[in-house]
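Chemist: Please construct the entire structure, taking both the sequences and the accompanying hints into account.
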Amino acid sequence: GDSVTQMEGPVTLSEEACLTINCTYTATGYPSLFWYVQYPGEGLQLLLKATKADDKGSNKGFEATYRKETTSFHLEKGSVQVSDSAVYFCALAPGTGANNLFFGTGTRLTVIP
Amino acid sequence: ETGVTQTPRHLVMGMTNKKSLKCEQHLGHNAMYWYKQSAKKPLELMFVYNFKEQTENNSVPSRFSPECPNSSHLFLHLHTLQPEDSALYLCASSPGGAGLNEQFFGPGTRLTVL
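First to last, the sequence lines map onto chains A and B.
The numbering of the first sequence is our numbering, which starts it at 1 and goes up by one.
The numbering of the second sequence is our numbering, which starts it at 1 and goes up by one.
Calculated directly from the structure, the hints in this document are not laboratory data.
None of these values were measured; they are calculated from a predicted model.
Treat each hint with caution, since some may be false.
Said to hold, decoys possible - Not everything, but these chain B residues come out facing chain A in the computed CB check (under 10 Å): (1) V4; (2) Q6; (3) L43; (4) C91; (5) A92; (6) P107.
What the hints assert, rightly or not - Distance windows between CB atoms, simulated: (7) B:Q82 <-> A:T28: 19 to 27 Å; (8) A:A17 <-> B:M15: 44 to 52 Å; (9) A:S14 <-> B:N58: 34 to 42 Å.
Just so you know, even glycine gets a beta-carbon here, dropped at the ideal spot from N, CA and C.
Modeler: This is how it looks when you write it as structure tokens:
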């Protein structure tokens, strides 16, 4: 079945450090891939998405490339800020047109000044 | 109001109480979802409504009862809950139908069962 596996946290980085959060997926068909972010005390917000192989999603300095050959969608940012501290979730929408999303377990990022 | 709203934001209840969580979306969407978010566990999909019809019930105990009177409103009725039901309950909506469906989340209701 469809599933997402993402890097366990927590991750602690100093401000301006580089970030990579790994995400790999298992899916039948051609899924769409997402990264969601959850700031303290809030719900999940869509950060970026990619709908087909080799697409790159980007937003707020974050990027992720949909790589079919490695079934991966790793989240990257070149220089993190304290305000990026949050929990990040990788998610997959099946290519079957179903409405459900399959989420990873989430990775907590803490950025220290 | 814009986006997806949830009330109350916080709820404390005893095991014998009956309460309801409310979700409202102002996005013109046709699909709505309830998720349970517990510490150190993956986000758990509970219920899905698509065009007001329940299309998914992920083996959720009957002490949780959803209601979707129209495509803008979704309720989760709670009764005789257990302490392990304490969690953040998130509502989401999406356009519905076939095709890519990004989900938009509300801020959640933090539920504590004593």
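Chemist: Of the numbered hints stated previously, which ones are contradicted by the structure, given in increasing order?
Modeler: Result: hint 7 breaks, nothing else.
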